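Quick note, the sequences are listed as chains H and S, same order. 1 is the number of the first residue of the first sequence in our numbering; add one for each residue after it. 1 is the number of the first residue of the second sequence in our numbering; add one for each residue after it.
Misleading hints may appear alongside valid ones.
[What the hints assert, rightly or not] Coverage of chain S stretches by chain H, computed from C-beta distances (three or more under 8 angstroms per stretch; other residues unrestricted):
id	segment
1	20 to 32
2	146 to 160
3	230 to 242
4	296 to 308
5	491 to 497
Just so you know, the hints here were simulated from the structure itself, not pulled from any lab data. On a predicted model such as this, the values are computed, not experimentally measured, just so you know. Ideal Cβ placement from N, Cα and C applies to all residues, glycine included.
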Amino acid sequence: MADSRSEITRIFVLVAATVVVVVAVFLVQAWRSGLTVREMFSGPPPSLTETIESSRATARLGERLDLHAPRPVGTPVAPDDRPMIAHVSIADLDRDGLNDIVVADAAANRITWIRQAPAGTFTESTIGEVAGPAHAQAVDLDRDGDLDVVVASLGVLFPNNAKIGSVIVLENDGRQAFTKRVLVEQIARVSDVRAGDLDGDGDLDLAVAQFGYDQGETRWMENLGGWTFESHILQSLSGPINAEMADVDGDQDLDIVSLVSQEWEEIYAFVNDGRGTFTPKRIFGASNEDFGSSWITVVDMDRDGDVDVLYSNGDAFDYAPPTGRTWNGLQWLENRGHEFRYHRIGDFSGASSPQAADMDGDGDIDVVVVSAYNNWERPDAWSLAMFENDGRMGFTLRPIAGTPTHLITLAIGDLDGDARPDLATGGMHMSYPFDRMSRVMVWTSRDADEHR
Amino acid sequence: MAKRRRGDGRVGEPARRSTPWLAVILVGVVAAAAWSAAGAMARRVQGGVLPPLADVSALPEPAAAQVREADAAARRASRSADAVGSLGMAYHASLMTGRAVETYALAERLDAASWTWTYYRGLLLEERGQQDAALDAFTRVTAANPAMGMAWFRIGEMAFKAGRLDEAEQAYARAAAAPPLAAFATAGVTERKVVALAAYAQMGMARIAMDRGLRDRARSALDAVMAAHPEFEPARTMRAQLGVGDGADQPSPRPGRPIDASATSQAPALRTAGTAYVPPADPLLDAVVAESRMRDMLLKHAALAGRGGDPGWREFLVRRALEFNPRDPNVLMEMAAMLQESGRASEALDYLRQREQVAPGDHQTLVEQGRALAVLGQLEDAEAVLKRAARVRDAAAEYNLGVVLDRRGRLAEARTHYARALAIDPFYARAMNNLGVSLDRNGQIGEAVAMLRRATEADPDNAETFSNLGSALIGARQLPEAIRALETSVALDPQAPDAHNNLGTALAQSGRFAEAAREWETALRIFPDHVNARRNLERLAARRR
Numbered sequence: 001m002a003d004s005r006s007e008i009t010r011i012f013v014l015v016a017a018t019v020v021v022v023v024a025v026f027l028v029q030a031w032r033s034g035l036t037v038r039e040m041f042s043g044p045p046p047s048l049t050e051t052i053e054s055s056r057a058t059a060r061l062g063e064r065l066d067l068h069a070p071r072p073v074g075t076p077v078a079p080d081d082r083p084m085i086a087h088v089s090i091a092d093l094d095r096d097g098l099n100d101i102v103v104a105d106a107a108a109n110r111i112t113w114i115r116q117a118p119a120g121t122f123t124e125s126t127i128g129e130v131a132g133p134a135h136a137q138a139v140d141l142d143r144d145g146d147l148d149v150v151v152a153s154l155g156v157l158f159p160n161n162a163k164i165g166s167v168i169v170l171e172n173d174g175r176q177a178f179t180k181r182v183l184v185e186q187i188a189r190v191s192d193v194r195a196g197d198l199d200g201d202g203d204l205d206l207a208v209a210q211f212g213y214d215q216g217e218t219r220w221m222e223n224l225g226g227w228t229f230e231s232h233i234l235q236s237l238s239g240p241i242n243a244e245m246a247d248v249d250g251d252q253d254l255d256i257v258s259l260v261s262q263e264w265e266e267i268y269a270f271v272n273d274g275r276g277t278f279t280p281k282r283i284f285g286a287s288n289e290d291f292g293s294s295w296i297t298v299v300d301m302d303r304d305g306d307v308d309v310l311y312s313n314g315d316a317f318d319y320a321p322p323t324g325r326t327w328n329g330l331q332w333l334e335n336r337g338h339e340f341r342y343h344r345i346g347d348f349s350g351a352s353s354p355q356a357a358d359m360d361g362d363g364d365i366d367v368v369v370v371s372a373y374n375n376w377e378r379p380d381a382w383s384l385a386m387f388e389n390d391g392r393m394g395f396t397l398r399p400i401a402g403t404p405t406h407l408i409t410l411a412i413g414d415l416d417g418d419a420r421p422d423l424a425t426g427g428m429h430m431s432y433p434f435d436r437m438s439r440v441m442v443w444t445s446r447d448a449d450e451h452r
Numbered sequence: 001m002a003k004r005r006r007g008d009g010r011v012g013e014p015a016r017r018s019t020p021w022l023a024v025i026l027v028g029v030v031a032a033a034a035w036s037a038a039g040a041m042a043r044r045v046q047g048g049v050l051p052p053l054a055d056v057s058a059l060p061e062p063a064a065a066q067v068r069e070a071d072a073a074a075r076r077a078s079r080s081a082d083a084v085g086s087l088g089m090a091y092h093a094s095l096m097t098g099r100a101v102e103t104y105a106l107a108e109r110l111d112a113a114s115w116t117w118t119y120y121r122g123l124l125l126e127e128r129g130q131q132d133a134a135l136d137a138f139t140r141v142t143a144a145n146p147a148m149g150m151a152w153f154r155i156g157e158m159a160f161k162a163g164r165l166d167e168a169e170q171a172y173a174r175a176a177a178a179p180p181l182a183a184f185a186t187a188g189v190t191e192r193k194v195v196a197l198a199a200y201a202q203m204g205m206a207r208i209a210m211d212r213g214l215r216d217r218a219r220s221a222l223d224a225v226m227a228a229h230p231e232f233e234p235a236r237t238m239r240a241q242l243g244v245g246d247g248a249d250q251p252s253p254r255p256g257r258p259i260d261a262s263a264t265s266q267a268p269a270l271r272t273a274g275t276a277y278v279p280p281a282d283p284l285l286d287a288v289v290a291e292s293r294m295r296d297m298l299l300k301h302a303a304l305a306g307r308g309g310d311p312g313w314r315e316f317l318v319r320r321a322l323e324f325n326p327r328d329p330n331v332l333m334e335m336a337a338m339l340q341e342s343g344r345a346s347e348a349l350d351y352l353r354q355r356e357q358v359a360p361g362d363h364q365t366l367v368e369q370g371r372a373l374a375v376l377g378q379l380e381d382a383e384a385v386l387k388r389a390a391r392v393r394d395a396a397a398e399y400n401l402g403v404v405l406d407r408r409g410r411l412a413e414a415r416t417h418y419a420r421a422l423a424i425d426p427f428y429a430r431a432m433n434n435l436g437v438s439l440d441r442n443g444q445i446g447e448a449v450a451m452l453r454r455a456t457e458a459d460p461d462n463a464e465t466f467s468n469l470g471s472a473l474i475g476a477r478q479l480p481e482a483i484r485a486l487e488t489s490v491a492l493d494p495q496a497p498d499a500h501n502n503l504g505t506a507l508a509q510s511g512r513f514a515e516a517a518r519e520w521e522t523a524l525r526i527f528p529d530h531v532n533a534r535r536n537l538e539r540l541a542a543r544r545r
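Bound-form chain S, shown alone (with noise of 0.2 angstroms):
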């Protein structure tokens, strides 16, 4: 057995020899197939292979074939983490959030070392109020990226809102140290005017102060904000907020509010612009904002960059918004506002006309069309329109006419129109101011204040109708309280001509001449052909002569 053995041994001398050949053979058989199944394995974990398209059927075209693009991209490269990212950012775009999560979790396991598609995912869970998943995001983001302060912010606002108020801080710290990210700019943005981070961080902090029941820490944060970001509003809101309730600090006044001479509007839509609370600029953001097809999202940034005086980037949005859905009357209405803003009031009719059409019956349109009939100079049109709109009962369609009424010389019509508006809205102020002044122009001067007076307390802010009563009050002989109102006026607009000239007949009428001089003197350093300005500062030199 042996002999045969070794026998065989020798005869098998080149098989043993083949042995080597035939192990590596099999190794490699062997490599082979588990590099497949690992490969396999591991795009099965990836997600490797996409999900099916989404039913973008309830898209708009333009939107829908976007997706479409994007996922038949993807589906070329589905092991690019860059590809499946953007297919991600295009789900997102179209505002379908849940596959955007998928979506954005698919790109991130492709590419464990890049962070923007998990900042991506948490931005969309932030949204939906899902804390918990998107503070876990936004954590991952700061280990990948320790200098990316948005989500040190975003990091802060989520522990503060939970209570955790040291990691709070410890984020806003890292928010506000971090390096500042450039804002998104693309083709046709030839400006962004954005207020830094570190502002919002510092707010944070101010808020963490207020909590701890620190209320002088945070005022004193909250004045630092405003002293080195005096653009940034919601500062100086919180900071009015903390003087209110305790009444240990009133609220510095405001900055004077733009006289609008021309007939403004109530409509519903929506907030003013003013102090309503715009939050940070985010770069990555606005990327996804301005691949966007979607109505809805381009308009929600846009009135952000309207509140935020972004007025570039709000054109921008707008006329995107305009481009892929242009029957929308949303989009009309927001189109015709933002030219109506500039100035632009021809081509912002030219938009509510469209709007007029596909949106028949709506009152607001009629009334943003009087308005713009009235800044034209179209005085009967826009009366003409102003009337129907004012068939349903409402208060801007009824103060509207009462102004164009009142440029076209029909004072009683007019006032007429002010009662109605303030019967459907009983603190309209403009309404109030403009019935005030026409009382007075009537001689019911008496009635005049009364009114003027209920103006001012709807709208302690306005400077207008401060100089308004103040003049009225001249008319009443009452001057004492008419040089108060007058010093209001000029407080909360220094810049206003006529206040000035109107305190200082007042104070003439008082006696009070050395006053009235510099009062007058004033009013014409600030507009130098005001008329009655330089009448009144001639006729006291008279006098003095």
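Chain H extracted, bound-state conformation (with noise of 0.2 angstroms):
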């Protein structure tokens, strides 16, 4: 009995001994590794692999999409040409049922109309002289029933200190024949401009980016009547580049949306409460100074019946070489009521003006975007790309074209009346290579092209 007891017990000392060595082992190794034993065992702590998932979150790329028929419209280019289309538009200005496209030329210093009469023919006319348009809004801004075009006025595209912005009206006679308004003049550098009822009173206010150089700001202009605004300044940040109406906390007024870039990089949201008086909110901001703000458009990117933020980073104009960055890319800001939660879409060089509808039918939103900055010596620098939405908000990057280069601007519509939505594109020429450059193009739909 006692011999079997004393068995047991070396039994028992032995396993504990190899128990405690073991665990010594384990101990000792973890030590070494700078893990804790439950890490050894758990695998890399989720910190870390979260880290390395995010280091990784950008967009998958997928095939060429092949699905719009380019061509250029309105003026030709020259080969001694440089293009410097600011910003193109998209709308039936003469009301003949025909969409057509308003032009931002900042190289010629003017606004054009790229009319469409008849079906599939398109003629540029100006209808405008403005020094260094920036975004051309085409709105009935009197009301009397026919759209005249809101301008941005930089004054010169390059940056500059001087109080040289002012936001101008071509207004529209119906016969479209247009006359200049100065709405607000010797102003910091205008670059965006918009029209809403901001106050409730049934009239259409304005809100403003001045995107400045060392100063700028952000203001609304109350509409009192007869061509006459009072401006009301919300910020006095350098480097507004949108302003941008929409209702975002649900309360059904229209509140402000801007993107200010310089060294912010922010995206604020002035939340009105309904007569015109604005509380800002930071609703992102970058800690990056060169991030690259570039554009924004407020779109209720998930569906969920709210407004959300798209977002892109591409501006690499600050320093050479002018050929985007590695951060660029999209970003969309998720509206949670209380709050906006940063998703990035994926990496794109030179990302500007992204905009957002269903491309492929398939019901859910998809972005377009084009690049004006990009090594475009690469047979992979992409200028115009979609990044396809699997309808769980996870994005396919999809390029569409390489050529042109140097594409700022983009709007979607219908040009050709088949309902599924088309593009157009406009090109800023800055710098080399000068070689595949575009004033306005449209890229219809092809399989419309076909039914056609």
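Using the hints, build the complex out of the two chains.
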């Protein structure tokens, strides 16, 4: 009996010693490795896994998309031209049932109208001389039943501290003869202006982004009637690019969402109390002062009934080489009621002017984007691409074109009457190379062409 | 049975003696197996096995070679955090961001006590806008090294952007109080000129005050930063912005900008030096940059060094970019710009000609060539090159051609080209200035005054233009306005002798002789050989006699 107990004791001691040694070995190895024993058994700690995953967080690269037939419209490009189209928008300016294109031409300092008449034939004409036009929106500002054009004037495209910006309206007389009206001038360079009723009085007010250079502003302009507007300064930061209007808090009035670039790299919501009193709220800010904010579009990305913010960072005009940055790309800020949550969509060099639409007709929102800054010598330098939504807000990059290069502005609309989204793009050729230039291009659905 | 067992036991006595040895052997074998298994598990978790070498085929060969070498070294010492971290730096320096983040993370696991790799990983995450992950990284850094001011500053920036102002304030305070890091230095860079991190941190606190609506506190904070760091232009810019909008404060005048008598390009490369924001110098990041062979990284930091007034570092970076990218048009242009700014126009011209070969048809190259030739006095060649440049509708080409023609005495032609520049860029202040001066010389005083007034509106900080306007107004006998313009000029640039001389003339013509004498004396004090000022004083003395 005693022997038996002794045997059991010996076995117990042996097992215990073995366990102790094994545990000690694991502890020593863990200590040597800078890990906990638990981490050794459970795999990499979640933060590390997330780190590695997040470093890869970008859209998959899909096959090239060959659904659009491109063609230049309007004034052709001569070899010594250097087109600088700052903005294009699609609108039926003459209300003849065919969509046209309104163009802000910063090289020629004018606003042009590329009229579609008859269907498929585009003819360009100047509707207003404006110094350094940056943005043009067709809207019936005076509510007389025709479309006027509200224009943001930088004065000059290149950085300048002088007060040379203005807000201009090209007033339509109903027969597409336009009269230039200056609503405000001698202010910091104006990069964007949008119209909407901000104070609930039934007329259209304006939200204005003034890039300036060292000194910029965001303001809204209250419509007092008779082409008189009173300015209210919302913020005095340099670098505003966009001032969009949308109801971000779901209280049935229009708020203002602004993108502030330069070293700030921030997005603000100016939340309206419905009577034109605004409370600023920073909804995103990148601490990378070189993030390269280039555009925002306010849209319901996830179709949950509220507006989100689609946001590109692709500006590479700041320093040489103007070939895009590795961190350029697209993201969307999900409106979660009390906050906006950042989601990266994907990398895209020189990303600019992202627009959202259901491009493939599958019921979710895709994103089309252009690139103004890229390493154009490379065969994989794309100037136009789509980020295809898989329906779960996962995106696949589908390149569309690498020629023409230097595309900075994009509009989506139905240009050929087939109820499918077509594209219009504008080229900004400020830097080498100059061998694949364009001013304004339309990219119509190839399927539609085949039907025709 | 029992006997047999006992007998067995007796027989087995030697076996009993061997049991401890068997046990020891058994435990040893188990320990060895456990050691091996635990090691393998640790390596798996650590990622001790490096992922395969990334596809470097898209990199320029020098950068690809750098990554390959670092990868080979890391494989030879795959348990060494330094070796793996160095591979991370090679990926980082080659702009392979995803791989760099991954590799830094592996290095972190190999040496949990080191915060360097965590910091680098944080930098890359921050660069990509992944704020939450970056904040986590920098927080780990400060936990490991509470004196790491740059990490505190970055935490402050991210907390501020996220609206967590109290957290941001604390982080900025830690950054401001942190011991300063020595600027990164490397062979060939004799001196670095950087602004102290504390200045940036204090500016961050001023911005917090602005966000809280405490504008007076923000102004005071910025005034203190400007007093302590007068070279810190971003504080001056922000201070000026605080004065905009509510009208409560007017921005303090900027220091006068140097008068550039030579033709200046408006080539779109890009923001000129001046008030553009320059982030704080980061020695750890600079160590990566200094090892980079990639054009984009080197030129970015060269541009920042140029704006920040750090010429030695800029030259090092541009020359390194050229060493590894000798035929790249962007590098050649940057090299030329740097040389031209330091007065080495002849060398600049050489690089501009090389650029023309690799980027034919680029009118900006021709504009810069024209400028260099003009500086060298080769006006005929400059004219020919600028005429080629002006085939493209470009304001800088027209303006510089006007300057060259001006210098060749063909004033009417010069005026035509200034006017063309203004047709392209209606706010081209230098073209307005030169056209105004030319009109004045041509006797078209009314038009000259109008043009120079436009020029002062377009560039209200330019002392030279106000001086020219004052001079034209004297010719137009509009003396009160002339005095105002010239007083503005001397306020913008108190060291400009011509403005003092012209102000003296305007005052004298207004009968204010004592004040005139003071201005002429000031002109002579600044420039003792100023002939007109001396003559004016002599005439005044004679008149008094």
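Results of checking the hints against the structure:
1. 20 to 32: holds (count 5)
2. 146 to 160: holds (count 4)
3. 230 to 242: It holds, with 5 qualifying residues against the three required.
4. 296 to 308: holds (count 5)
5. 491 to 497: violated (count 0)
In this structure, the one hint that does not hold is number 5.
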